[in-house]
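Undergrad: In case you want the letters, here they are:
Number of protein chains: 2
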Amino acid sequence: MHLRDATPADCGTLLNLIKALAEYEREPDAVIATEADLLRDGFGPTPRFHARLAELDGKPVGFALWFFVWSTWQGRCGLYLEDLFVLPEARGHGVGAALLRDLAARALQEGCTRFQWQVLDWNTPAIGFYEKLGAKALKQWIPMRVEGVEAIRRVAEGKGA
Amino acid sequence: MHLRDATPADCGTLLNLIKALAEYEREPDAVIATEADLLRDGFGPTPRFHARLAELDGKPVGFALWFFVWSTWQGRCGLYLEDLFVLPEARGHGVGAALLRDLAARALQEGCTRFQWQVLDWNTPAIGFYEKLGAKALKQWIPMRVEGVEAIRRVAEGKGA
Numbered sequence: 000m001h002l003r004d005a006t007p008a009d010c011g012t013l014l015n016l017i018k019a020l021a022e023y024e025r026e027p028d029a030v031i032a033t034e035a036d037l038l039r040d041g042f043g044p045t046p047r048f049h050a051r052l053a054e055l056d057g058k059p060v061g062f063a064l065w066f067f068v069w070s071t072w073q074g075r076c077g078l079y080l081e082d083l084f085v086l087p088e089a090r091g092h093g094v095g096a097a098l099l100r101d102l103a104a105r106a107l108q109e110g111c112t113r114f115q116w117q118v119l120d121w122n123t124p125a126i127g128f129y130e131k132l133g134a135k136a137l138k139q140w141i142p143m144r145v146e147g148v149e150a151i152r153r154v155a156e157g158k159g160a
Numbered sequence: 000m001h002l003r004d005a006t007p008a009d010c011g012t013l014l015n016l017i018k019a020l021a022e023y024e025r026e027p028d029a030v031i032a033t034e035a036d037l038l039r040d041g042f043g044p045t046p047r048f049h050a051r052l053a054e055l056d057g058k059p060v061g062f063a064l065w066f067f068v069w070s071t072w073q074g075r076c077g078l079y080l081e082d083l084f085v086l087p088e089a090r091g092h093g094v095g096a097a098l099l100r101d102l103a104a105r106a107l108q109e110g111c112t113r114f115q116w117q118v119l120d121w122n123t124p125a126i127g128f129y130e131k132l133g134a135k136a137l138k139q140w141i142p143m144r145v146e147g148v149e150a151i152r153r154v155a156e157g158k159g160a
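So the sequence lines, in the order shown, correspond to chains R and Z. Mapping to numbering that gives the first Met the number 0: the first sequence position 77 is 76, numbers consecutive. Mapping to numbering that gives the first Met the number 0: the second sequence position 12 is 11, numbers consecutive.
Because the hints were derived from the structure by calculation, they are not lab data. Some hints here could point you the wrong way.
When chains are identical, the list treats them as one kind, so a pair holds in a single copy or across two.
[Stated by the list, open to error] SDA-like cross-link-like pairs, simulated, lysine to any residue; straight-line CA separation at most 25 Å:
1) 135 to 97
2) 131 to 155
3) 135 to 155
4) 135 to 115
5) 138 to 159
Just chain R, same shape as in the assembly:
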């Protein structure tokens, strides 16, 4: 198994893995991202995300996509894991756990004092796994989201939903 940073040449591979994740979650049409989006936002002068690829026998089988967040109280950045996925046929080799360990090491290198992600509340096996690792479930915090340009515009214009 080999882990490495994704390069601009990997955008097609990354997009395939993102689509495989969406299919696995039974939302194959939810991915509107394109290779051009990945190239622009991941590999421009100010990267909006970073990605690690996991290879098994030289073939890409998983990825982790992350970016920096920042804590006002700590005055330090955190590493936010947006997506971690391993192809179903490549599971059982510890690829997911290796990606998680790798990202934790990266967080330390980058001076982060937090390592964060989100999990679905019905996914109790995952929550248990993460808690064993040392993660805490912040159940009192609810993510709020204004989705889409039109909805954001209504907020900007002081209009309601």
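Please arrange chain Z on chain R, whose structure you already have, making use of the hints.
TA: Chain Z alone, transformed into the frame defined by chain R:
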């Protein structure tokens, strides 16, 4: 009322407002951030956050601190609002609402397709206010967090909590 981007010269003002927020939340000792932290991470070559200041009669009375996040499925960045605070004595002038509208406009300028933040689950008035604005509460998602360098190191080394 005047809103403007914070500059390096505002780090002291920002830190005072961050501390006022922590005091308001009855956690005055939770802020370990320093002016040097704000300067390094907010105003270096790769800013880890952005901040807006709200002034009333030329005096700083509130702030919003935000950074970019990224959605793999949308292939676009989002604007994440980490903190928004208005000094108790300056409330009732619409400063908080103005900061929120201002950030929504900034999200549009930056090409973001999401505008996100978190709220405490017991804060039902705030949740109701945000929902009227057009935000959705993503109650099925639980934030997970590994806090502190030692806990992150244990994950990196494959050890448990």
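Undergrad: Taking the numbered hints from earlier one at a time, note which ones the structure violates and give those numbers from smallest to largest.
TA: none
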